[in-house]
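J.: Chain residues, written in single-letter form:
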Amino acid sequence: MREYPKYKKLLFCTDFSENADYAFKFAYGVAKRDEGLLYILHVLPDNPNQAYIDGFIGQEDLEKIQKNIEEDLVNNYKERYAKKIEGEIEFETVTKSGRADKEILEFAEKEKVDLIVMGTHGRTGIEHVFFGSVAEKVLRHSPFPVFVMPDKKKLEQL
Amino acid sequence: MIEYPQYKKVLFCTDFSENADYAFDFAYGIAKRDEGTLYILHIIPYNSNQAYAESFVTMEDLEKIQKAVEGDIANNYKERYEKKIEDGIAYEFVTKSGREDEEILTFAKQEHADIIVVGTHGKTGIEHVFFGSVAEKVLRHSPFPVFVIPDREKLSGP
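In order, the protein sequences belong to chains A and B.
With the numbering used here, the residue at position 39 of the first sequence is 39, and numbering never jumps.
With the numbering used here, the residue at position 34 of the second sequence is 34, and numbering never jumps.
Just so you know, these hints were derived from the structure itself, not from any lab.
Be aware that a few hints might be false.
[Unchecked claim] As a list, the in silico DSSO-like pairs of lysine-lysine whose alpha-carbon atoms are at most 30 Å apart:
hint, chain 1, residue 1, chain 2, residue 2
1, B, 154, A, 137
2, A, 152, B, 64
3, B, 8, A, 154
4, B, 67, A, 6
5, A, 84, B, 154
6, B, 154, A, 6
7, A, 67, A, 78
Just so we're clear, the structure is a prediction, and the values are computed from it rather than from any experiment.
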C-alpha cells in the first residue's frame, strides 16, 4: 500500500513577486495538511557592484540603506505571509544574501527539508536566457523534490 | 483561509528509468489522496536517424521492430505501474512519440492537467548539457505546476 509522503519541513523560497505569492498558497496548504514546519526564505541578491558603491557612499548612508532594506523585508514577510498564516501553522522566516540558487540549496541541505516550493520567478535578462531561472538551477542540483509553480498568467492564457 | 489545491488530473511522465519509478510514488500518492485520475505518459523518443534506418531495413522487419517496441511498452506499464495501483483509482496509459518536452506539454494542455510530475531523469549527452533535462524544458514552458523528483540516490547520499 502506497501512501502519500508527508512533508514535515517545507522550504518556500520567495522573491516577493506575485508569482512567489501564488506558490506560497501551495506551500502553506501542504504545511497545514501535513502539520509541518514552513520556512519562508528570501535571498538578497548579491550586487556585483557593491565594492564600487562602498567607495562612494558614506558609512552613515550605507547604514540607512541597510536599515531600509531590513524594514522592507520585515514588512514583506509580515504583509505577504505572516499575517495570513499566524496561528494556523508553525513557520519561520529566514533571510540570506548571495546567489539565490546556491543559498536555497545550502539552506535546504542544512535543514534537511522534505520539499522545496518556488515560483518560476519573473526574471529575464541575459543570465536567465543562458543559464535558466533560479528554479531551473535549483532543480538541477537539488537532492530534494522541488515543486515549481508557473506564472498564474500562463494558465489564464490557455 | 487558504485551502490546499486539489489535483484531479495528475500527469505522470515516465521514461521507465529508476528515477521515474521513484517519481511515480509521488504522482500516485497525489492521485490517491485527491481522488484524481492518474495519466501515465511515455514518449517514444524521436530518432533522427529513423529515415536512414528505414532505407536499410525491410518493411517486414520494421513491423517486427514496431511490434517489439509496443510489447515492451505494454510490459513496462504493467510491471512498473499497473501492478502497484490499487482498486478504485482511475488511471490511463498514454503513449506518444516525438520530442519528450513538447509531447508532455501538448498532452497536458489537451487534458488540462492540474499537475505534472517528472523525475529529473538520468539522461546525459550533449543536448542535455546545453539545453537542460526534459524536466527543465517542461517547466520552462509549463502553465501547470511541475513537481520534480530527484534521483533517489541524491537524497540518500551524504
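J.: Hints first: check each against the structure and report whether it holds.
T.: Status of the hints after comparison with the structure:
1. 154/B to 137/A: Holds. Residue 154/B to residue 137/A sits at ~16 Å (cutoff 30 Å).
2. 152/A to 64/B: Roughly 46 Å between the alpha carbons, so the hint for residue 152/A and residue 64/B is violated.
3. 8/B to 154/A: holds (19 Å)
4. 67/B to 6/A: Roughly 41 Å separates the two Cα atoms, so the pair is violated.
5. 84/A to 154/B: violated (34 Å)
6. 154/B to 6/A: holds (19 Å)
7. 67/A to 78/A: Distance of about 17 Å is within 30 Å: holds.
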